[in-house]
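Participant: The residues making up each chain are set out below.
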Amino acid sequence: MGTISIEHGDRLFWLGRYAERVFTTIKSLERLYDKLIDKDPQHYIKYLECFGLTDTFGSGESFLHSFIFDKDNCCSVSYSLERAYDNGILLREEITSEALAYIQLAMDSLEKADLSEKGLVVSLLPVEDILYSFWGCIYDAVYDEEIKNIILCGKSVERLELYVRLRYRKELIDREFVRLCRNLSHIPKNTPYRYNTAQLSVLVEIIQSKKGCRGRESEVLTALGRLFEPVKQTGRVIL
Amino acid sequence: MTIAAAGSKRSEPVVTVADAGEINDLLRRYGVKFGIYKNGQFKEQLFPFDPIPRIIGAEDFSRIERGLIQRVRALNKFLFDIYHEKNIISDGIVPEDFVYISSGYLPQCEGISPPNGIYSHISGIDLVQGKDGEWYILEDNLRIPSGASYPLIARELTRAASPGAFTGSDIIDNRDYAALLRETMDYVNCGGINAILTPGRYNAAYFEHSYLAELTGAALVQNDELFVEDNILYQKTYSGDKTKIGALYRRISDEYLDPLTFEPSSLIGIPNLMEAYRSGNVAVINAPGNGAADDKGIYYFVPKMISYYLSEEPVLKNAPTYLPYYEQDREYVLDNLSRLVIKDVAEAGGYGVVFGRDLDASALAAFRDTIIKEPRRFIAQEVIDFMDLPIIENGNEVMRKADLRAFVLSGKTTRVWASGLTRFSRDPDSFVVNSSQGGGFKDTWVLSR
Amino acid sequence: MKRLKFSFSTKLTFDNYVHDHSFALRFTPIESPAQHLSAFEADISPFVSVKNTSDAFGNTVTCGFIRKEHRFLDFEIAGIAQVDCTVPKTDFMPCYRYQTAYTKPDAALREFYRFTAEDCTFTDPFERGMYFSDKLSGHMRYEKGVTNTKTTAAESFALKAGVCQDHAHILLSLLRMDNIPCRYAAGLACCDGETHGWTELWDGTRWRGIDPANNCPVTDDYIVLSQGRDFSDCAIDRGVMFGQYTNQLQLITSSVMQI
Numbered sequence: 001m002g003t004i005s006i007e008h009g010d011r012l013f014w015l016g017r018y019a020e021r022v023f024t025t026i027k028s029l030e031r032l033y034d035k036l037i038d039k040d041p042q043h044y045i046k047y048l049e050c051f052g053l054t055d056t057f058g059s060g061e062s063f064l065h066s067f068i069f070d071k072d073n074c075c076s077v078s079y080s081l082e083r084a085y086d087n088g089i090l091l092r093e094e095i096t097s098e099a100l101a102y103i104q105l106a107m108d109s110l111e112k113a114d115l116s117e118k119g120l121v122v123s124l125l126p127v128e129d130i131l132y133s134f135w136g137c138i139y140d141a142v143y144d145e146e147i148k149n150i151i152l153c154g155k156s157v158e159r160l161e162l163y164v165r166l167r168y169r170k171e172l173i174d175r176e177f178v179r180l181c182r183n184l185s186h187i188p189k190n191t192p193y194r195y196n197t198a199q200l201s202v203l204v205e206i207i208q209s210k211k212g213c214r215g216r217e218s219e220v221l222t223a224l225g226r227l228f229e230p231v232k233q234t235g236r237v238i239l
Numbered sequence: 001m002t003i004a005a006a007g008s009k010r011s012e013p014v015v016t017v018a019d020a021g022e023i024n025d026l027l028r029r030y031g032v033k034f035g036i037y038k039n040g041q042f043k044e045q046l047f048p049f050d051p052i053p054r055i056i057g058a059e060d061f062s063r064i065e066r067g068l069i070q071r072v073r074a075l076n077k078f079l080f081d082i083y084h085e086k087n088i089i090s091d092g093i094v095p096e097d098f099v100y101i102s103s104g105y106l107p108q109c110e111g112i113s114p115p116n117g118i119y120s121h122i123s124g125i126d127l128v129q130g131k132d133g134e135w136y137i138l139e140d141n142l143r144i145p146s147g148a149s150y151p152l153i154a155r156e157l158t159r160a161a162s163p164g165a166f167t168g169s170d171i172i173d174n175r176d177y178a179a180l181l182r183e184t185m186d187y188v189n190c191g192g193i194n195a196i197l198t199p200g201r202y203n204a205a206y207f208e209h210s211y212l213a214e215l216t217g218a219a220l221v222q223n224d225e226l227f228v229e230d231n232i233l234y235q236k237t238y239s240g241d242k243t244k245i246g247a248l249y250r251r252i253s254d255e256y257l258d259p260l261t262f263e264p265s266s267l268i269g270i271p272n273l274m275e276a277y278r279s280g281n282v283a284v285i286n287a288p289g290n291g292a293a294d295d296k297g298i299y300y301f302v303p304k305m306i307s308y309y310l311s312e313e314p315v316l317k318n319a320p321t322y323l324p325y326y327e328q329d330r331e332y333v334l335d336n337l338s339r340l341v342i343k344d345v346a347e348a349g350g351y352g353v354v355f356g357r358d359l360d361a362s363a364l365a366a367f368r369d370t371i372i373k374e375p376r377r378f379i380a381q382e383v384i385d386f387m388d389l390p391i392i393e394n395g396n397e398v399m400r401k402a403d404l405r406a407f408v409l410s411g412k413t414t415r416v417w418a419s420g421l422t423r424f425s426r427d428p429d430s431f432v433v434n435s436s437q438g439g440g441f442k443d444t445w446v447l448s449r
Numbered sequence: 001m002k003r004l005k006f007s008f009s010t011k012l013t014f015d016n017y018v019h020d021h022s023f024a025l026r027f028t029p030i031e032s033p034a035q036h037l038s039a040f041e042a043d044i045s046p047f048v049s050v051k052n053t054s055d056a057f058g059n060t061v062t063c064g065f066i067r068k069e070h071r072f073l074d075f076e077i078a079g080i081a082q083v084d085c086t087v088p089k090t091d092f093m094p095c096y097r098y099q100t101a102y103t104k105p106d107a108a109l110r111e112f113y114r115f116t117a118e119d120c121t122f123t124d125p126f127e128r129g130m131y132f133s134d135k136l137s138g139h140m141r142y143e144k145g146v147t148n149t150k151t152t153a154a155e156s157f158a159l160k161a162g163v164c165q166d167h168a169h170i171l172l173s174l175l176r177m178d179n180i181p182c183r184y185a186a187g188l189a190c191c192d193g194e195t196h197g198w199t200e201l202w203d204g205t206r207w208r209g210i211d212p213a214n215n216c217p218v219t220d221d222y223i224v225l226s227q228g229r230d231f232s233d234c235a236i237d238r239g240v241m242f243g244q245y246t247n248q249l250q251l252i253t254s255s256v257m258q259i
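Residue numbers (the working numbering), protein chains in the order written: chain A, 1 to 239; chain B, 1 to 449; chain C, 1 to 259.
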């Protein structure tokens with residue numbers, strides 16, 4: 001396969017991130033919703049705090065509606081899905097029309113879910129099913145391993161970020177970190193899409209410590225955000 | 001989408017008929033089935049779910065809880081006694097014939113002390129509620145009681161399909177069953193992993209075996225991947241290595257458990273498992289030989305056991321029961337056969353249950369002879385007029401007979417799972433609620449207040 | 001009291017390779033007030049790590065597992081036992097009162113019991129046992145090959161023939177109908193080239209042995225290897241193995257000599 005432009009590399013990475021953001025957000029909101037039902041109706045405030053936000057919603061109900069359907073809320077499922085589409089539409093050649101169609105389908109069924117009379121989990125089930133199909137299609141239809149791997153790197157960076165932000169259990173974070181490292185190890189040398197080793201060492205040091213991320217979430221989030229930042233050229237001179 | 005969250009206005013507290021279809025679709029999606037053999041062919045059926053829950057109030061449940069904990073503690077003490085000192089027999093509380101003739105009593109288990117002295121780790125106690133509101137114990141199941149997985153997954157799916165019913169409610173979340181089960185296994189684990197032994201894909205309760213394994217993190221195993229070496233139970237691993245098993249939650253019955261101790265032709269057992277168990281290297285859950293305590297004949301004596309071992313008054317009543325073995329009871333049974341329910345002590349799963357009122361004169365006479373000939377084989381009970389529960393049939397609410405299987409877990413402490421499997425008969429004339437006889441199930445909601 | 005030098009060996013040969021072979025052997029003479037081992041050795045081949053446990057009936061069980069492919073399993077024991085059957089053995093279990101799958105009588109056997117018991121004037125359990133054994137030897141002949149290890153008391157009684165195991169099962173059945181607790185004993189006896197099986201009955205305070213195949217009381221010439229409710233509790237070797245369809249050939253030799 002030929003070369004991937006830096007521009008397309010970036011889009012592939014963000015396609016992976018946004019598609020994953022949609023999925024993990026749905027899953028974590030469902031978990032949250034289960035608590036809101038009959039345990040702690042104020043629990044969504046803790047969720048907001050994880051994003052550095054304060055409660056402007058007043059109720060779990062309007063919070064959930066906004067975080068799922070509000071296109072203007074940059075943390076919402078709907079917003080992320082549109083951003084995934086924005087990236088995907090420019091990648092038809094790499095990811096195939098079929099994979100792109102699943103993103104479109106997911107947007108359609110999210111709209112339907114908003115109108116549905118059913119409960120939250122059941123209404124979102126078709127969206128989850130379509131996302132799984134999207135990933136199956138990526139695995140199956142994208143022949144170029146390098147392209148596939150960039151999407152997967154984006155996917156695992158995103159999942160790890162949300163898990164850390166939302167204070168998931170250490171075992172789960174550890175697993176996702178291993179998955180990320182596995183994907184990173186598949187990136188060939190001498191490619192523009194190379195990760196920043198200094199940031200990776202920060203992640204290794206913190207995540208693999210005995211306490212894990214606890215108390216050092218912001219450091220981890222910063223390092224993750226800068227993982228694919230270009231390394232500053234140190235001006236090596238060849239004589 | 002409807003979001004019903006606490007704090008928002010509480011909607012209708014029950015599950016609607018529309019939700020019922022949704023829940024049944026979800027149950028199908030997640031493969032909540034049980035297997036059944038019909039005409040020699042294996043079939044998987046969905047276990048019909050009725051969306052109207054059985055609701056048990058906090059006060060009622062706390063009484064049930066006390067009664068069940070007491071009962072299971074006494075049954076565990078009875079089992080230990082029977083396989084060791086046998087004081088309850090020498091003290092004349094239980095006639096020895098009732099213990100030793102029972103097919104569930106296994107002399108091979110004499111003298112074995114299971115880890116931490118626990119015989120019945122998971123007890124499934126069947127109860128019914130009479131029209132008077134009183135709860136009666138119908139049956140103790142101490143061998144391999146099944147069914148907990150059904151209300152467990154049903155609750156998960158009902159919360160998804162019908163969140164409004166739970167909004168701000170006092171319904172105790174029953175999804176802690178896996179954690180309870182895991183604690184129970186960990187408490188008796190003799191070092192090594194936890195494993196659930198299944199006879200395989202074609203077992204009636206395979207869904208349950210695999211689902212509980214997934215939730216508890218135990219390995220789901222079959223006999224051909226296990227072996228006993230140096231009296232230690234191992235699982236063969238893919239790489240040719242072996243992993244020690246410290247607790248085996250086996251879902252196969254005693255007689256097939258170890259072909260070198262029990263039925264030699266068993267193809268689903270593990271040779272020399274009993275030696276590993278006897279040596280204290282593995283906990284077998286539930287302990288082999290438990291059938292000595294859940295025999296339909298022994299049932300009669302459980303209230304006496306409670307007084308004997310715990311010096312307590314039984315909190316929950318048995319259904320009025322007669323043993324034809326005792327002459328006085330036999331006369332009563334023969335005189336009143338046409339209105340009693342007769343149970344064959346050797347049968348399970350709703351088989352071997354005969355209602356006297358269903359028999360014509362010649363069948364009654366024949367049955368009378370059988371009882372005279374083999375009095376030890378039967379128990380007779382008054383037919384309890386138990387409370388019917390509403391179910392939805394073709395969109396209408398109708399009343400049906402239902403029972404409750406409560407699950408009691410014995411580990412460090414003995415605890416009752418705040419839920420249970422409510423089984424109902426779909427046939428309006430039937431009192432038999434077993435899934436193998438076409439019954440359905442409901443979730444059981446226990447309220448915290 | 002007698003000092004008996006004994007040996008016993010079994011060679012199991014398979015006509016094809018087997019693997020994952022689990023076995024449980026009950027070949028260690030029971031240590032009891034009436035029987036003491038002053039020397040004992042056991043040998044199992046191919047080499048395999050084994051563990052001993054004691055089962056519910058007081059038998060020593062030697063268990064092993066051979067995972068690799070093999071075509072034979074040989075085991076042998078040898079030793080010296082001091083036997084004195086006048087010293088009481090008192091290890092009672094209630095399960096010895098009840099019929100088992102092997103000893104459960106059918107109508108014919110019940111009928112035989114009925115008229116035998118009717119004619120029996122003895123009250124002492126041991127004398128009743130000897131009386132039953134005597135009547136039984138009038139009904140049964142000793143014949144090899146007509147029964148196998150799975151034959152029940154009722155079946156061999158109908159055939160009027162069988163080996164020591166069958167005679168012992170029928171006597172157990174009769175004694176249990178007579179409410180005399182009793183058990184099966186497997187072991188070695190003088191002048192017998194194979195393993196032997198007989199009956200022990202509980203006379204109210206102790207165990208007494210009767211050898212129904214020879215219609216005689218058990219003397220100091222018998223070494224008990226295992227005991228239980230019936231043959232199934234006493235099998236000297238039980239095993240489960242995996243392999244292609246396999247025939248097994250078993251060769252047994254034993255000897256007991258007074259020294």
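Treat each hint with caution, since some may be false.
Derived SDA-like pairs (lysine to any residue); straight-line CA-CA distance at most 25 angstroms [claimed, not checked]:
| # | chain 1 | residue 1 | chain 2 | residue 2 |
| --- | --- | --- | --- | --- |
| 1 | C | Lys-150 | B | Lys-43 |
| 2 | C | Lys-150 | B | Gly-57 |
| 3 | B | Lys-43 | B | Thr-370 |
| 4 | C | Lys-2 | C | Asp-84 |
| 5 | B | Lys-86 | C | Gly-58 |
| 6 | A | Lys-35 | B | Ser-311 |
| 7 | B | Lys-236 | C | Asp-84 |
| 8 | C | Lys-104 | B | Gly-57 |
| 9 | A | Lys-39 | B | Gly-57 |
| 10 | A | Lys-39 | B | Gly-440 |
| 11 | B | Lys-242 | C | Asp-20 |
| 12 | A | Lys-170 | B | Lys-86 |
Hint data in this document are derived by calculation from the structure and do not stem from the laboratory.
Participant: Compare the structure with each hint and give your call.
Facilitator: Hints versus structure:
| no. | hint | in the structure |
| --- | --- | --- |
| 1 | Lys-150(C) <-> Lys-43(B) | 35 angstroms, violated |
| 2 | Lys-150(C) <-> Gly-57(B) | 57 angstroms, violated |
| 3 | Lys-43(B) <-> Thr-370(B) | 35 angstroms, violated |
| 4 | Lys-2(C) <-> Asp-84(C) | 7 angstroms, holds |
| 5 | Lys-86(B) <-> Gly-58(C) | 18 angstroms, holds |
| 6 | Lys-35(A) <-> Ser-311(B) | 43 angstroms, violated |
| 7 | Lys-236(B) <-> Asp-84(C) | 48 angstroms, violated |
| 8 | Lys-104(C) <-> Gly-57(B) | 52 angstroms, violated |
| 9 | Lys-39(A) <-> Gly-57(B) | 19 angstroms, holds |
| 10 | Lys-39(A) <-> Gly-440(B) | 30 angstroms, violated |
| 11 | Lys-242(B) <-> Asp-20(C) | 13 angstroms, holds |
| 12 | Lys-170(A) <-> Lys-86(B) | 50 angstroms, violated |
Going down the numbered hints, you'll see the structure goes against 1, 2, 3, 6, 7, 8, 10, 12, while the others check out.
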